[in-house]
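Asks: Based on the sequences and whatever the hints tell you, model everything.
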Amino acid sequence: MTMTPDRQKVDRDEVFLEYTKSICPVCKTVIDGEVNAKDNRVFLRKRCSEHGRFEALLYSDAEMYFDSLRFNKPGTIPLETQTEVKDGCPLDCGLCPEHKQHACLGIIEVNTNCNLDCPICFADSGHQPDGFSLTMDQVEAGLDAFVRSEGEPEVVMFSGGEPSIHPEILGFMRMAAEKGVKIVNLNTNGMRLAHDRKFMKDLSELPKRPNIYMQFDGFAERTHTEIRGRDLRHAKQKALDHCAEFGLNVTLVAAVERGLNDHELGDIVRFGIKHPAVRSVAYQPVTHSGRHVEFDPMNRLTNADIVHGLADQCPEWFRESDFFPVPCCFPTCRSITYCLVDGDNVVPVPRLLQIEDYLDYVSNRVMPDMSVRGALEKLWSASATPGTEMTAEQLECATCGIDLPDALKTITDKAFMIVIQDFQDPYTLNVKQLMKCCVEEITPDGRLIPFCAYNSVGYREEVREQLSGVSVPTIVPNAAELRPVLLTTKYGSKTHGNGGGDGDGNGAADGSDHVPADATNVGKNLR
Amino acid sequence: MSVHERVGDPEVHTEAGAEDVKLCCATAYQHDAVALVLGESYHPGGLDLTRRLGRSIELRPGERVLDIASGPGTTAFLLATEFDVEVDGVDLGDLTVAKANATAASEGIADRVRFHHGDAERIPLPDASVDAIVCECAFCTFPDKKTAASEMARVLEPGGRVGITDVALDPARLDAELQTLAGWVACLADARPVAEYVELLAGAGLTVTKTEPHDDALARMIEQIDARLVAFRMAKVPALENIDFDMARERAALAARAVREGIAGYSLLVAEKG
Numbered sequence: 002m003t004m005t006p007d008r009q010k011v012d013r014d015e016v017f018l019e020y021t022k023s024i025c026p027v028c029k030t031v032i033d034g035e036v037n038a039k040d041n042r043v044f045l046r047k048r049c050s051e052h053g054r055f056e057a058l059l060y061s062d063a064e065m066y067f068d069s070l071r072f073n074k075p076g077t078i079p080l081e082t083q084t085e086v087k088d089g090c091p092l093d094c095g096l097c098p099e100h101k102q103h104a105c106l107g108i109i110e111v112n113t114n115c116n117l118d119c120p121i122c123f124a125d126s127g128h129q130p131d132g133f134s135l136t137m138d139q140v141e142a143g144l145d146a147f148v149r150s151e152g153e154p155e156v157v158m159f160s161g162g163e164p165s166i167h168p169e170i171l172g173f174m175r176m177a178a179e180k181g182v183k184i185v186n187l188n189t190n191g192m193r194l195a196h197d198r199k200f201m202k203d204l205s206e207l208p209k210r211p212n213i214y215m216q217f218d219g220f221a222e223r224t225h226t227e228i229r230g231r232d233l234r235h236a237k238q239k240a241l242d243h244c245a246e247f248g249l250n251v252t253l254v255a256a257v258e259r260g261l262n263d264h265e266l267g268d269i270v271r272f273g274i275k276h277p278a279v280r281s282v283a284y285q286p287v288t289h290s291g292r293h294v295e296f297d298p299m300n301r302l303t304n305a306d307i308v309h310g311l312a313d314q315c316p317e318w319f320r321e322s323d324f325f326p327v328p329c330c331f332p333t334c335r336s337i338t339y340c341l342v343d344g345d346n347v348v349p350v351p352r353l354l355q356i357e358d359y360l361d362y363v364s365n366r367v368m369p370d371m372s373v374r375g376a377l378e379k380l381w382s383a384s385a386t387p388g389t390e391m392t393a394e395q396l397e398c399a400t401c402g403i404d405l406p407d408a409l410k411t412i413t414d415k416a417f418m419i420v421i422q423d424f425q426d427p428y429t430l431n432v433k434q435l436m437k438c439c440v441e442e443i444t445p446d447g448r449l450i451p452f453c454a455y456n457s458v459g460y461r462e463e464v465r466e467q468l469s470g471v472s473v474p475t476i477v478p479n480a481a482e483l484r485p486v487l488l489t490t491k492y493g494s495k496t497h498g499n500g501g502g503d504g505d506g507n508g509a510a511d512g513s514d515h516v517p518a519d520a521t522n523v524g525k526n527l528r
Numbered sequence: 164m165s166v167h168e169r170v171g172d173p174e175v176h177t178e179a180g181a182e183d184v185k186l187c188c189a190t191a192y193q194h195d196a197v198a199l200v201l202g203e204s205y206h207p208g209g210l211d212l213t214r215r216l217g218r219s220i221e222l223r224p225g226e227r228v229l230d231i232a233s234g235p236g237t238t239a240f241l242l243a244t245e246f247d248v249e250v251d252g253v254d255l256g257d258l259t260v261a262k263a264n265a266t267a268a269s270e271g272i273a274d275r276v277r278f279h280h281g282d283a284e285r286i287p288l289p290d291a292s293v294d295a296i297v298c299e300c301a302f303c304t305f306p307d308k309k310t311a312a313s314e315m316a317r318v319l320e321p322g323g324r325v326g327i328t329d330v331a332l333d334p335a336r337l338d339a340e341l342q343t344l345a346g347w348v349a350c351l352a353d354a355r356p357v358a359e360y361v362e363l364l365a366g367a368g369l370t371v372t373k374t375e376p377h378d379d380a381l382a383r384m385i386e387q388i389d390a391r392l393v394a395f396r397m398a399k400v401p402a403l404e405n406i407d408f409d410m411a412r413e414r415a416a417l418a419a420r421a422v423r424e425g426i427a428g429y430s431l432l433v434a435e436k437g
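First to last, the protein sequences are chains A and R. Per our numbering: the first sequence = residues 2 to 528. Per our numbering: the second sequence = residues 164 to 437.
One should not assume that every hint holds.
[What the hints assert, rightly or not] With a cut-off of at most 30 angstroms between alpha-carbon atoms, the simulated DSSO-like pairs for lysine-lysine come out as follows:
(1) A:Lys379 / R:Lys373
(2) A:Lys202 / A:Lys74
(3) A:Lys275 / R:Lys399
(4) A:Lys183 / A:Lys199
(5) A:Lys209 / A:Lys199
(6) R:Lys399 / A:Lys379
(7) A:Lys183 / A:Lys202
(8) A:Lys39 / A:Lys74
(9) A:Lys379 / A:Lys433
[Stated by the list, open to error] Heads up, incomplete: computed chain R residues facing chain A, CB under 7 angstroms, no partners named:
(10) Gly209
(11) Gln387
(12) Val393
(13) Met397
(14) Ala416
(15) Leu417
Hint data in this document are derived by calculation from the structure and do not stem from the laboratory. Everything numeric in this text was worked out from a predicted model, so none of it was measured. C-beta: ideal position from N, C-alpha, C; glycine also.
Replies: Structure representation (structure tokens):
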């Protein structure tokens, strides 16, 4: 019997990679998800019985995604976990005993208040009268939990809101250093640094000089007005020059949005390499949590776009193969390179040795030199901070391993770091990555909540509500396809307009209006 | 790949005879300046190509393997642990052999991996004593390649396999500029086209069953040398103060050109003792 042409089997147009768990971006209920590769891009797809189907781009270069997977280091168990396993990932944060990695970096958001009201702010901060401002005791409780978990914590980052306007910020930083934290970062928009020389002097005189982690999104006026709401170019330059004057090392942190400032990647690193205070640049695709401009989840910016963008915009210095995934977290989350800089000479460190011979944990069972691997692990980690003694030592060690003589150690002063970090949002959240996250939000009640869970799952809203006593709605991404059901909150972020329950109001992938309940799709949500 | 120990001084080496080339290569690896530029255990392709070589000669657990020009032992350690074989390494450098044996002891695998001082043209092992031989980036530097090939055949069991990765170069296609380069880089001075390697091995009773190009590995290594030269110049390394960095980088650029134009390349060869 011959088969009729209309009964021919056809192949799927995508490669199925994995089945995992995620959340509904609208109601935050834990639901199943699947990851597929199509047209050399990687997507996460999921369906909520209440709110329909969702799909989002995870990585815009599938080959790069696959290649990164071997850079996956076995995790380290923290000395103490803070919660029990009850409902499963991501509802038990954290850290729960099932978490796969310790915390390389702890973030303490000391306030919700800010001296700017940027259109893009994952923390949903601003000139807000109803937020919170942590006390010394609350910060101490968080730091103590971090120390119990880590022993000697690598990095604490004070963030907000705008931490520099918290009246106790210097005391917080001093306390972190006293408790044995090796590196203290101040995550700031730089406004106070530009205008308050007394504060600069105080920062520079802290027993442990902080690293300044400063928002810096580009040079075009439009970049500033769209991302920050104001033209801050002059203030940023002044803040940086003050940092140079007072001997503070700076990481430029660029929030990058597709079609907005993704053409400025090369200019930012060129500027950073030339500026005496700047030791590193961190590029972060805009996190579509909290407050942000409308976006298309299927065409969002990913780490691969930034790697390709740097290679295209800065071909005299970089190409794609100079960037290696960070093995301590899940390798698709973060990529790093270092380069040695002397005037116009820029040499990416990966061109001096075969990084993959050391950081490929899947194929390599014997090491040419374990001490080189150890050094590279410290450099390719979430806690690496250029300009600190620790990073300089590790660069020396890595260079020792390639037989560079003592004198070469002097150029570790000239090392410049480039970090590319894609934080997950309610669309892209994949518990597989979350379970190995090494960047944690430290809360005053002594929890260490993985950053992307904090931003996506509902922890941020929960913690703000607890600390401020003011109810906070569940924040929903400002995705174009959700426009019909979104309401604007008083902070400028979006929330679901009608409490849900009326089925699929958004652009479901298949256009259907209702997705039947799924027996495996029985997750709860946090709130 | 081996660079004359006085990097950047091309005059010294151009007149060197065959014997000098060989000694130069082995001693060069013990010399800081060369180790600096090349990396202690580095050969084109790194560990990935070593692994591929091991798979190409189909190593089986328990087999006895000889590594000719074993250097600090990286290849021997990889083969012993990943392919579960016993390895004897032979190297010309006394210091290198001592260091490699010390590493084997500290890694707790000295029972399976041993290193001997020796010459590729007089391998210090009995007839028919190994199942397989690897030789990475070294055959090109042997002054008497015919003897080296017959030594390989002698120590191999009948049916034994040889895996070679090496620089392949067509001397006939070298223009004047590249001739200078060949004078400066020891292994280029005596590298041959792949067909000639095949012939040399055949002459010793070793039948080549597979050749595979890996020119990218050589290109990457040249680039690594260039990157290191830039890094050393930044560092103002005293040990390298007499180096003319600009000239050294010009040489690297020439070498890169030779690879790009297909005049120099890197090949993997597999041969069998009939």
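Asks: Hint by hint, say whether it matches the structure.
Replies: Okay, the hints, checked on the actual structure:
1. A:Lys379 / R:Lys373: With Cα atoms ~41 angstroms apart, Lys379 of chain A and Lys373 of chain R exceed 30 angstroms; violated.
2. A:Lys202 / A:Lys74: Violated - the C-alpha atoms of Lys74 of chain A and Lys202 of chain A are around 40 angstroms apart, more than 30 angstroms.
3. A:Lys275 / R:Lys399: Between Lys275 of chain A and Lys399 of chain R the Cα gap is close to 21 angstroms, so the pair holds against 30 angstroms.
4. A:Lys183 / A:Lys199: Since the Cα atoms of Lys183 of chain A and Lys199 of chain A sit roughly 25 angstroms apart, the hinted pair holds (cutoff 30 angstroms).
5. A:Lys209 / A:Lys199: Holds, at about 17 angstroms.
6. R:Lys399 / A:Lys379: It holds: about 26 angstroms lies between the C-alpha atoms, which stays within 30 angstroms.
7. A:Lys183 / A:Lys202: With Cα atoms ~21 angstroms apart, Lys183 of chain A and Lys202 of chain A stay inside 30 angstroms; holds.
8. A:Lys39 / A:Lys74: holds (27 angstroms)
9. A:Lys379 / A:Lys433: The given pair, whose Cα atoms are some 23 angstroms apart, holds under the 30 angstroms limit.
10. Gly209: With Cβ-Cβ at 4 angstroms, under 7 angstroms, it holds.
11. Gln387: Hint holds; Gln387 of chain R Cβ to chain A Cβ min 6 angstroms, cut 7 angstroms.
12. Val393: holds (5 angstroms)
13. Met397: holds (4 angstroms)
14. Ala416: Violated, about 15 angstroms.
15. Leu417: violated (19 angstroms)
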